[in-house]
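Enquirer: Generate the whole structure from the sequences, applying the supplied hints.
The chain contents come next:
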Amino acid sequence: AQTVTQSQPEMSVQEAETVTLSCTYDTSESDYYLFWYKQPPSRQMILVIRQEAYKQQNATENRFSVNFQKAAKSFSLKISDSQLGDAAMYFCAYRSTGNQFYFGTGTSLTVIP
Amino acid sequence: ETGVTQTPRHLVMGMTNKKSLKCEQHLGHNAMYWYKQSAKKPLELMFVYSLEERVENNSVPSRFSPECPNSSHLFLHLHTLQPEDSALYLCASSQVGAGSSGYTFGSGTRLTVV
Numbered sequence: 001a002q003t004v005t006q007s008q009p010e011m012s013v014q015e016a017e018t019v020t021l022s023c024t025y026d027t028s029e030s031d032y033y034l035f036w037y038k039q040p041p042s043r044q045m046i047l048v049i050r051q052e053a054y055k056q057q058n059a060t061e062n063r064f065s066v067n068f069q070k071a072a073k074s075f076s077l078k079i080s081d082s083q084l085g086d087a088a089m090y091f092c093a094y095r096s097t098g099n100q101f102y103f104g105t106g107t108s109l110t111v112i113p
Numbered sequence: 001e002t003g004v005t006q007t008p009r010h011l012v013m014g015m016t017n018k019k020s021l022k023c024e025q026h027l028g029h030n031a032m033y034w035y036k037q038s039a040k041k042p043l044e045l046m047f048v049y050s051l052e053e054r055v056e057n058n059s060v061p062s063r064f065s066p067e068c069p070n071s072s073h074l075f076l077h078l079h080t081l082q083p084e085d086s087a088l089y090l091c092a093s094s095q096v097g098a099g100s101s102g103y104t105f106g107s108g109t110r111l112t113v114v
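Protein sequences appear in the order of chains Y and R.
1 is the number of the first residue of the first sequence in the numbering used here; add one for each residue after it.
1 is the number of the first residue of the second sequence in the numbering used here; add one for each residue after it.
It should be emphasised that the hints constitute simulated quantities derived from the structure, not laboratory data.
Some hints could be false.
What the hints assert, rightly or not - Residues on chain Y that point at chain R, a partial pick, calculated with CB under 10 Å:
#1 Thr3
#2 Val4
#3 Pro9
#4 Tyr25
#5 Thr27
#6 Phe35
#7 Gln39
#8 Met45
#9 Leu47
#10 Arg63
#11 Gly85
#12 Phe91
#13 Ala93
#14 Gly106
Predicted model, so just to flag it, every value in this text is computed and none were measured.
C-beta atoms are modelled at their ideal positions from N, C-alpha and C, and glycine is treated no differently.
Expert: Here you go:
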């Protein structure tokens, strides 16, 4: 079965600085999708960024970008110019071709003013 | 209204009560899900409905009973719960077969069993 590992339960970053959240996964599939979700105190999980495994180019969404290393099964999230509103739990997720989702345990990000 | 709406936002119930959680999606998605979120644990998939048919039931105790009357509505009926069932219950929807479509989540129901 697929597993998703987030090895950093907590991270902190100074406002306006850059932070990278780590995620690794285990799979035998060659085609799949990867996601980062943000869960602020409002509790709603919000999609931050997605990556198709067949694409070599790393996805970017404004200040958010990923470093996708398929061979290493690594999918880290980089947040540039961190803002106070970025403080939240961040979940890495894997979606198989069979539409099954697997989530990591999350990383709690604190942004220091 | 758009997105995925869950009610109630908070629920406190005794172990002998019966209550229901409601989820409604306005996105035209064809699949809906119930997840349980407990502290320091991965999200636990409870039930999956695709095209209004239950396609997955991950060994969830029978005190949790899902219902999907149509593609826009999903319920989770609760009865005789245990204190360890206290958690955040998240509903999500997605469009199966739509490539890289991810989930759209609701804001969850914070359930406390006393």
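Enquirer: Measuring from the C-beta of Y:Arg63 to each C-beta in chain R, is the shortest one below 10 Å?
Expert: Since chain R brings no Cβ nearer than about 19 Å to Y:Arg63, farther than 10 Å, the hint is violated.
Enquirer: Once the shortest beta carbon distance from Y:Thr3 to chain R is found, is it less than 10 Å?
Expert: holds, 9 Å
Enquirer: Does the nearest C-beta of chain R fall within a distance shorter than 10 Å of the C-beta of Y:Thr27?
Expert: violated, 15 Å
Enquirer: Closer than 10 Å between Cβ atoms is the bar; does Y:Gln39 clear it against chain R? Give me holds or violated.
Expert: OK, holds: Y:Gln39 within 10 Å of chain R, min 8 Å.
Enquirer: Minimum Cβ distance from Y:Val4 to chain R below 10 Å?
Expert: holds, 7 Å
Enquirer: If you take the shortest Cβ to Cβ gap from Y:Gly106 to chain R, is it below 10 Å?
Expert: holds, 8 Å
Enquirer: With a cut-off of 10 Å on the beta carbons, see whether Y:Phe35 makes it to chain R.
Expert: holds, 5 Å
Enquirer: With a cut-off of 10 Å on the beta carbons, see whether Y:Leu47 makes it to chain R.
Expert: With a closest approach of 5 Å, the Y:Leu47 hint holds.
Enquirer: Does Y:Phe91 meet its interface restraint, that is, does its C-beta lie within less than 10 Å of any C-beta in chain R?
Expert: holds, 7 Å
Enquirer: Answer holds if the nearest beta-carbon of chain R is closer than 10 Å to that of Y:Met45; otherwise answer violated.
Expert: holds, 4 Å
Enquirer: Identify whether the interface hint at Y:Tyr25 stands, where standing means a beta carbon of chain R within less than 10 Å of its own.
Expert: Constraint on Y:Tyr25 not satisfied, violated at 12 Å.
Enquirer: Quick check on the hint: Y:Pro9 CB to chain R CB, less than 10 Å?
Expert: Interface hint status for Y:Pro9: holds (8 Å vs cutoff 10 Å).
Against the hints set out earlier in the document, violations occur for numbers 4, 5, 10 and 11.
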